[in-house]
Amino acid sequence: MRENIHRFFRAARGAGVHVSPAESIDAMRAVAQVGVSDRAILRDALLLTLAKSQDEKLALGDCFDLFFSQTEPPRQDQSEPDTADASPDADPAPPSGATSEAGEGQPPEGLGPLAQMLLSQDRNAVAAAIAGASGAASLSDIRYSTQRGIFSSRILDAMGLQRLRDDLDELTATNPALAERLRDALDALREAVRDTVSQGLALYAREEAENLRNEILRNAPLARIERRQVAEMRTLIRQIARRLRERYSKPRKRQRRGHLDVRRTIRRNAAWGGVPFLTAWKRKHRDRPKIVAICDVSGSVAQVSDFFLLLVHSLHEVVDDVHSFAFSSHLIEVSEILEKKSPEEAMAEIMSKVGFGSSDYGSSLVDFEKEFMSTLTPQTTVIVLGDARSNNLDPRADILRRISERSKRLVWLNPEGRLAWGFGDSEMPRYATFCTVVRQCATAQQLERAVSDIVATYQ
Amino acid sequence: MAEQKPSTAIEAVESGLAAQGYIASRQIATAVYLSQQIEKPILVEGPAGVGKTELAKAIAAWRGMKMIRLQCYEGLDEAKALYEWKYAKQLLYTQILKDKLGEVLGGAQTLHAALAQLHDFGDVFFSKEFVEPRPLLQALEQPGGCVLLIDEIDKSDAEFESLLLEILSDFQVTIPELGTVSAITPPTVILTSNSERDLGDALKRRCLHLHIGFPEQRLEERIVESRVPGISQTLRRQMVGFIHEIRSLDLKKLPSVSETIDWARVLVLLQASELDTEIVKDTLNVLLKYEADIEAAQPQITTFIAKAARSNVFG
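Residue numbers (our numbering), protein chains in the order written: chain C, 1 to 459; chain D, 460 to 774.
FYI, nobody ran anything at the bench for these hints, they're computed from the structure.
Keep in mind it's a predicted model, so treat the numbers as computed, not measured.
Mixed in with the good hints, there may be bad ones.
Claimed, not checked - Every beta carbon over 12 Å from chain C, so not counted as near; a handful from chain D, in silico: (1) L493; (2) D558; (3) Q631; (4) E675; (5) E718; (6) V727; (7) Q757.
As the list claims (entries may be wrong) - Per the computed footprint, the stretches of chain D lying under chain C, defined by three or more beta-carbons under 8 Å from a beta-carbon of chain C, are: (8) 478 to 490; (9) 597 to 608; (10) 649 to 663; (11) 738 to 744.
Claimed, not checked - Across the chosen pairs, the derived CB separations fall in these ranges: (12) C:E246 / D:G523: 53 to 59 Å; (13) D:P635 / C:S452: 33 to 39 Å; (14) C:N219 / D:N653: 37 to 43 Å; (15) C:S198 / D:A507: 26 to 32 Å; (16) C:Q445 / D:E754: 45 to 51 Å; (17) D:G659 / C:D65: 45 to 51 Å; (18) C:M373 / D:S717: 52 to 58 Å; (19) D:V745 / C:Q440: 57 to 63 Å; (20) D:P635 / C:E333: 52 to 58 Å; (21) C:S138 / D:S707: 45 to 51 Å.
From the three backbone atoms N, C-alpha and C, an ideal C-beta is built for every residue, glycine too.
Isolated chain D (complex conformation) (with noise of 0.2 Å):
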């Protein structure tokens, strides 16, 4: 691999994305071909629905790897995402134990003693029988490696993104009670974040920094090729046109890939050979999210059909 071309390889990374149904710019390979070479995270940010959580489930099937998903949340926590005593179990071995305990240290003649002899096998409830691991802890515990997704890491407290650096720079976790736990092998970890709160220098550092915008028209056209074969040439490219004007205008929630994706979904159902401004009028739910941006969206849509048409021409 290390003997590749940098450019074979990244085209490499490409199509290899491209078998998975993940059809990758330049840049977004470029960015996987380097997190895999300088064992680096990829932070990826981007407007909603751009695929950023299926780039890393690409990668997975891609590889072959597992993949682990911790999903972020207000409130997410250590016990939540690294690991988590089994509580319940340690107080029922103990329970299951409690005659055990009496003779060991049945022997011990004072007070001291029995505390010595205690020490001795002290640290059994700690270990790792008695670890729970949750989705850090697995990724790192995976002996083939693995894709690990960390979703939308900026719905999380700025404490939790604290934890993440060890992960982060050194692929390990420090555990008190049983010390470092080191990557078997160092799983390839994506970051998606919809940019809903600024992240600490500290992260960013760390990380590659991807930024997934709208597709351009080819490419979009590509990704609609790609997850609705059924769709005809034409009319793929006067919808994907259409949404590109749409992205023009200044609306609430701009219609993203998987809303592009859905509408040709939509569109091969409802049997349409070409767009036309009735049917378009009919599924433009499927395409905005918000009353206001249909309204908004409702008296350009006739304008809009001609210049797709029209750029299909040349196209």
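One chain only, chain C, in its complex shape (with noise of 0.2 Å):
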């Protein structure tokens, strides 16, 4: 039973639960304690020491529920209740030889025990054995889909297939009829190990494959991904933004230790006649970000700058307030837009609104700082997010300079890589001067690095 609980906390890891080597043991305490007997009690118990947030609990839930139905054989005609209990060795013999017996037509002497058992028809055994054979095979190592035929070849094998092999070729010879069926059997057992198999890859496997997935989805370049994985990569984003906050939304005041607050301090002692019994500190002061997101939607950058403001916009905790503007051949201001629709209905917005033009970045400037120059405050970070390809019309570099004047940065994020900077219409060396950091930024990964640098300089 130990054995399968471990198998348990792995199977849990798998569904997303982090269980620490303490949380484990606590759990085993907690078993322990309660027993295994009942079974909703054990479930009760494990909920309550692994899981930590109900989200964990529902998982946990689930995964409990597909783990020990696997490990239960299909009937229970045994009198001891607990199968559950059943020895993972790895030797597939049957557990008894007597239950083979009462099986109907004696089989004959002389096959091996896997024939023997798959004739006998008892199905507690051969579960039993496939159980067995699952932790000789290490079935808990499974981790990519790919790898369901060799798992269920090394069951297979484990369970003494080749024996069988060797008992079906000599019963064709001897007894066709018998051959016949223990045929059928094996096809049977082959679909048996197969169900097992799979039931293993989607207990021990799921994290595995969300972690390749997420992390190839992490590289992919922003702006060429597949429309199918637009909605995948929201979800990722989201993430990404979760965890932005929950690094940069914690302590907002930490105190300046050593500096006395000589003023506060007296004022705080006038009942003891100045006498300092209480003290007080400096504190210092922290400010959250402002931020100023100007976004290129033309053509190619547009889907970057969609996941980039879907980005910044869920920081709510972290950020101040975010003033979002959307340009290519003129500049509007969209923060409206995008806090009040859902993403994709805010997107679709703004694209019919200024979206696929030809990019013009200097008359863009020139509208912002028409309209919009008052947003700036020497708290502002500005992030200019585009490929700085102007066709060739003027790029008003002055008022971007202007800009950075007026604010605390200004942060300038170029999907293409710097190889192609300052190629063709690229006019990015220009504005790059005025800029006190200029990234690449390309993939999910990159852009996570770069808010929460921009975010972390506040801190």
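The task is to assemble the complex, starting from two chains supplied on their own in separate frames and drawing on the hints.
Laid out in structure tokens, this is it:
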């Protein structure tokens, strides 16, 4: 049983529940207290000790049901109800010779244990043997769906498939009818093993598969992801936003240790005749970021801007306020659209208003200076997202200089690689002079780093 | 106790709590049983008004222990939660003992000798007598054990959470001037949270995590039965059914168990024998606390009453 509980911990990790060694110790202690005979109580005990939030509880509950439906044999005609205790030895011998005698049609002597077990149709023994063999083949190490075949054959080998084949060859010569029955039983066995492996995959491999997919997605260029991945990318961006929130929203007031606030100390200790019993310390005041985001939504940059805006606007707890502007040939404010509508609708509306034109950085910057220059304060970080390709029109870098002078920082995120900057109609080098930082920003990972750095400068 | 079968022990917890008027689901009873057996605090999460605080009170009453409550709020620090020095008393005593001090130091010839003598009786003002125990320290000092309720931990700052870690895992606190104070009897610790912010992993790891949601219909009926004995069975069924329908709406604040109990009291007070549209409309403000919620629920009232009455027939 201990073995089973440990395998359950691995399955729980697969289901996305964080199980640390300390937690598994606690869980084992709890299990020792409540015992394993009552499944409902066992489930409650594991849920109480392992899961740390409501979401985890649901995931773990499902995992528990799946896991223990696996170890339980389909039929319960043994007197002992606790069949989950079936010994997970590698030895595939049937647990008792007596049950195999009871089967219809005396199986001839000289057959291997597996053949005898199959012919006697003892389903409990077969289930136990499959469970034992999957333990021996370490099914809990399965990670990818492509490994299903190899694990199936490993389990079958551990159960003694080789011996069964020999028996089958022999029987075909001596007793064709029995051979036919054995062949059917073998097919059924294969199917049962395949099911076990699929279940194992569902149990143990979920985490790995998800990690792999997310890892690939994080490093995929945002501008070129496929349509069906857009939704997945949105979830990923939301995860990133949550991570950034957790990292940066925490303590907002930190005392500046060692600096006595003399005035407040004297005032507070007036009651004791100015003898300082209670001291007051100076606090460091920290600003929260104010962000002005200016995003190019023309052609190839549009997709990146979309994800960027989604990320910035889901950082409410960390960021004081965000003003967003979108442009291709002229510039409009889009903060309100993004706040009020769902990401899909908002982006569609922005696109219908300013999207898909050929970009004109110069006139867009003129628009910004004319109408929105007042949104900039000395606490503002201005983020410009665009490829700086202005179709050979006047880039008006002088406006960017004024923006830079009025704000705390000016960050330029460019989805193009560094090599392309300055070639063709790219005005990046001219703009770069006035930027505090210029970074490449083509993948979700780069996006996360860029935003994380921006928020971190305020901490 | 240890010899008992776990399932009977859990039932004993359930009936023990029931005797105090707290109807616990089996999950809650299991959590209480386990926390006692493996000496771990319980972290209770769930929406407001489902009886998180009541649970602690019921446990205390059932075991006949004192309950010590620490209400958390922003800015709560160790001086208010753990201990504080009695500054005024220290000051007063130094004044009174001034002459005595002169006597003690009188024999000393040099400044060094005086200082050495002062060191000898040095820490007299930082001894147990001058410590003002706050809830956490009080809880550790109860000889017969107690139930320590740390209410709404999510309202406190992250720093305070770290302060709790030592108490939660080892049932002890360290006071720099005195050393480590260990619990005489480990208290039963209940923490409650409304999930206003995410608690740290370190804190969660040290606790059993119990989520109390809205109860199932049967359970809620039993809760109403135990809390408002005067209500008739049909009305009880109807009103609980009605509340379950209400909870399926998208409301700002869903009515929870405390609202159910309040409503039951109101209905008894108005001597209603059955739910009808009129009486529901008049008393809806007991259940729903926002104008917008009431407006959203108004048009549905008749359907919900009909549904509740229908489920009544089958139930």
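Each hint, compared with the structure:
no.: 1; hint: L493; in the structure: violated, 5 Å
no.: 2; hint: D558; in the structure: holds, 20 Å
no.: 3; hint: Q631; in the structure: holds, 18 Å
no.: 4; hint: E675; in the structure: holds, 15 Å
no.: 5; hint: E718; in the structure: holds, 21 Å
no.: 6; hint: V727; in the structure: holds, 34 Å
no.: 7; hint: Q757; in the structure: holds, 26 Å
no.: 8; hint: 478 to 490; in the structure: holds (count 4)
no.: 9; hint: 597 to 608; in the structure: violated (count 0)
no.: 10; hint: 649 to 663; in the structure: holds (count 3)
no.: 11; hint: 738 to 744; in the structure: violated (count 0)
no.: 12; hint: C:E246 / D:G523: 53 to 59 Å; in the structure: violated, 42 Å
no.: 13; hint: D:P635 / C:S452: 33 to 39 Å; in the structure: holds, 37 Å
no.: 14; hint: C:N219 / D:N653: 37 to 43 Å; in the structure: holds, 39 Å
no.: 15; hint: C:S198 / D:A507: 26 to 32 Å; in the structure: violated, 43 Å
no.: 16; hint: C:Q445 / D:E754: 45 to 51 Å; in the structure: holds, 46 Å
no.: 17; hint: D:G659 / C:D65: 45 to 51 Å; in the structure: violated, 30 Å
no.: 18; hint: C:M373 / D:S717: 52 to 58 Å; in the structure: holds, 53 Å
no.: 19; hint: D:V745 / C:Q440: 57 to 63 Å; in the structure: holds, 60 Å
no.: 20; hint: D:P635 / C:E333: 52 to 58 Å; in the structure: holds, 56 Å
no.: 21; hint: C:S138 / D:S707: 45 to 51 Å; in the structure: holds, 46 Å
Of the numbered hints stated above, those contradicted by the structure are hints 1, 9, 11, 12, 15, 17, listed in ascending order.
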